[in-house]
Amino acid sequence: DTGVSQDPRHKITKRGQNVTFRCDPISEHNRLYWYRQTLGQGPEFLTYFQNEAQLEKSRLLSDRFSAERPKGSFSTLEIQRTEQGDSAMYLCASSFEGNYGYTFGSGTRLTVV
Amino acid sequence: GENVEQHPSTLSVQEGDSAVIKCTYSDSASNYFPWYKQELGKGPQLIIDIRSNVGEKKDQRIAVTLNKTAKHFSLHITETQPEDSAVYFCAAIGGFQKLVFGTGTRLLVSP
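Protein sequences, first through last, are from chains A and B.
To convert, note that position 113 of the first sequence is 788 in the working numbering; the numbers rise steadily by one, no gaps.
To convert, note that position 53 of the second sequence is 56 in the working numbering; the numbers rise steadily by one, no gaps.
Just so you know, not all the hints are guaranteed correct.
[Said to hold, decoys possible] Partial list, derived from the structure: chain B residues whose beta carbon lies under 7 angstroms from chain A:
1) 92
2) 105
3) 107
[Said to hold, decoys possible] Cut-off 30 angstroms, straight-line C-alpha distance, at most; resulting in silico cross-link-like pairs (DSBU-like, lysine-lysine):
4) B:101 with A:746
5) A:732 with B:71
6) B:45 with B:61
7) B:60 with B:25
In case anyone wonders, no lab produced these hints; they're calculated from the structure.
Predicted model, so just to flag it, every value in this text is computed and none were measured.
We put the beta carbon where it would ideally sit given N, CA and C, even for glycine.
Generate coordinates for the entire structure from the input sequences, incorporating the hints supplied.
Right, dumping it as structure tokens:
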């Protein structure tokens, strides 16, 4: 296992289009997190899963955003009707339940033009 | 909810000098405080962490101190090297296992 993988690394899309990102966590980790990071800021929490259950969503996650983790393994984050304000780095992380150490992926950089 | 403040936003040192980054947190229930290093184009990488039952932890050239009473914690890097140049983030976890990050410190180590 080489860590947390995210795909794609970069995505450029036109405003109004839908985009989907994928995250493959460390296989032994049952918790998976999505964060968003804008330039010059720290990562901001979006949502997290324990196994396949989505346990918490930030108010940053508008109804245009949806995340799934269908079998408790990989996760997808979809953004519908993208806006320029959605341009950011989307980071995925995973951890064991009860172990606070997060391992982050390299992120997906989204640019909405 | 938890709020984490981090200072300074930028820090320039000469190679071999020490660097100190400070953070404060608001939630007295927070009990885990990791530090991450982020290089350009990469995700944050955990470099050291401390739990609330410990006041200090050291790993080679890096150390973290925690003052629970004052609700602040600090990262200390000694004998800095150019490869230490990066953005450093502090973070804290409160009630739910959800990391809240500071705004980051850009460290530049000049040869």
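Each hint, compared with the structure:
1. For residue 92 of chain B, the interface hint holds, since its Cβ comes within 7 angstroms of a Cβ in chain A; the closest pair sits about 5 angstroms apart.
2. Given hint, residue 105 of chain B at the interface with chain A, holds; its Cβ is 6 angstroms from that chain's nearest Cβ, closer than 7 angstroms.
3. Taking 7 angstroms as the C-beta contact cut-off toward chain A, the hint placing residue 107 of chain B at the interface holds, the least distance being around 5 angstroms.
4. Under the criterion of a C-alpha separation no larger than 30 angstroms, the hint pairing residue 101 of chain B with residue 746 of chain A is consistent with the structure, at around 22 angstroms.
5. Proposed proximity of residue 732 of chain A and residue 71 of chain B is supported: the alpha carbons are some 29 angstroms apart, at most 30 angstroms.
6. At roughly 25 angstroms between alpha-carbon atoms, residue 45 of chain B and residue 61 of chain B fall within 30 angstroms of each other, so this suggested pair holds.
7. Restraint check for residue 60 of chain B and residue 25 of chain B: satisfied, since their Cα atoms lie roughly 15 angstroms apart, inside the 30 angstroms limit.
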